[in-house]
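Chemist: Sequence:
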Amino acid sequence: MPPHVKAIIAPLLAILLISCDDGTGYYRKKINELVPIGTTEQVTLEEVTGIGWIYTYDPLDNAYLVYDPKQNENTFVRVGIKIYLDDQRKVKNINIRSFANFM
282 MPPHVKAIIA
292 PLLAILLISC
302 DDGTGYYRKK
312 INELVPIGTT
322 EQVTLEEVTG
332 IGWIYTYDPL
342 DNAYLVYDPK
352 QNENTFVRVG
362 IKIYLDDQRK
372 VKNINIRSFA
382 NFM
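For the sequence shown, the working numbering puts the final residue at 384, and the numbers step up evenly by one.
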């Protein structure tokens, strides 16, 4: 492939990849509305279970792994949410990742 064609395709490919939503956008917005940084552990769990999501505790990271069971219905990408707690058991960080769903 000629170099000038590569020079044109590379930026277009980057724009295409940036504009693709991997499914995390909805969950990032939703979890930030429900449990902003500094929310207590009890309120966090009430909010998560109140909308039908399930969770499990990870003692190694002092974090909750949160999952929306309805997201597997018609989607190729599964989103995982990890809510980290600080020493006072308040939300200190939220990590949202997407995974390919082959099941």
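Just so you know, the hints here were simulated from the structure itself, not pulled from any lab data.
Yeah, the Cβ is synthetic: ideal placement off N, Cα and C, and Gly gets one too.
Treat the hints with care, as some may be off.
To be verified - Subject to a maximum C-alpha distance of 27 angstroms in a straight line, what follows is the list of computed DSSO-like cross-link-like pairs (lysine-lysine):
(1) K310 with K373
(2) K310 with K363
(3) K373 with K311
(4) K371 with K310
(5) K311 with K351
(6) K371 with K311
(7) K351 with K310
(8) K311 with K363
(9) K363 with K351
(10) K363 with K373
As the list claims (entries may be wrong) - Quick list of simulated restraints, FRET-style, between CB atoms:
(11) I318 with I289: 19 to 29 angstroms
(12) P283 with G331: 50 to 60 angstroms
(13) V324 with P292: 42 to 52 angstroms
(14) I289 with P317: 10 to 20 angstroms
(15) N376 with Q323: 38 to 48 angstroms
(16) P317 with A381: 24 to 34 angstroms
(17) R378 with G333: 40 to 50 angstroms
(18) N313 with P284: 39 to 49 angstroms
(19) E327 with F380: 45 to 55 angstroms
(20) I318 with F380: 43 to 53 angstroms
(21) P292 with I318: 27 to 37 angstroms
(22) N313 with F380: 48 to 58 angstroms
Chemist: For P317 and A381, compare the CB-CB distance with the range 24 to 34 angstroms and indicate the outcome.
Modeler: Since P317 and A381 have Cβ atoms about 29 angstroms apart, the given range 24 to 34 angstroms holds.
Chemist: Just to be sure I understand the hint, the distance between the Cβ atoms of P292 and I318 should be within 27 to 37 angstroms; is that true here?
Modeler: At roughly 35 angstroms between Cβ atoms, I318 and P292 fall inside 27 to 37 angstroms, so the hint holds.
Chemist: Sort out whether K311 lies within 27 angstroms of K373, counting only the CA atoms.
Modeler: Holds: K373 and K311 sit about 17 angstroms apart, inside 27 angstroms.
Chemist: Given the hinted pair K363 and K373, is their Cα-Cα distance within 27 angstroms?
Modeler: With a Cα-Cα distance of about 11 angstroms, the restraint between K363 and K373 holds, given a limit of 27 angstroms.
Chemist: When you take the CB atoms of R378 and G333, is the distance between them in 40 to 50 angstroms?
Modeler: violated, 20 angstroms
Chemist: Tell me if the beta carbons of N313 and F380 are separated by a distance inside 48 to 58 angstroms.
Modeler: The hint (48 to 58 angstroms, Cβ to Cβ) is violated, given that N313 and F380 are roughly 20 angstroms apart.
Chemist: That 43 to 53 angstroms hint for I318 and F380 (C-beta), does it hold up?
Modeler: Violated: the Cβ-Cβ distance is about 24 angstroms, outside 43 to 53 angstroms.
Chemist: For K311 and K351, compute the direct alpha-carbon distance and say whether it is at most 27 angstroms.
Modeler: This hinted pair holds, its Cα atoms lying about 14 angstroms apart.
Chemist: Hinted pair, alpha-carbon criterion (27 angstroms max): K310, K363. Please report holds or violated.
Modeler: With Cα atoms ~14 angstroms apart, K310 and K363 stay inside 27 angstroms; holds.
Chemist: Given the hint that K371 pairs with K311, does the C-alpha gap stay at or below 27 angstroms?
Modeler: OK: K371 and K311 at ~18 angstroms, within 27 angstroms.
Chemist: Could one say that the CB atoms of I289 and P317 fall in the range 10 to 20 angstroms?
Modeler: violated, 43 angstroms
Chemist: Should the hint that N313 and P284 are 39 to 49 angstroms apart at their CB atoms be regarded as holding?
Modeler: With a Cβ separation near 43 angstroms, N313 and P284 satisfy 39 to 49 angstroms, so the hint holds.
Violated hints, in rising order: 11, 14, 15, 17, 19, 20 and 22; the structure is consistent with all others.
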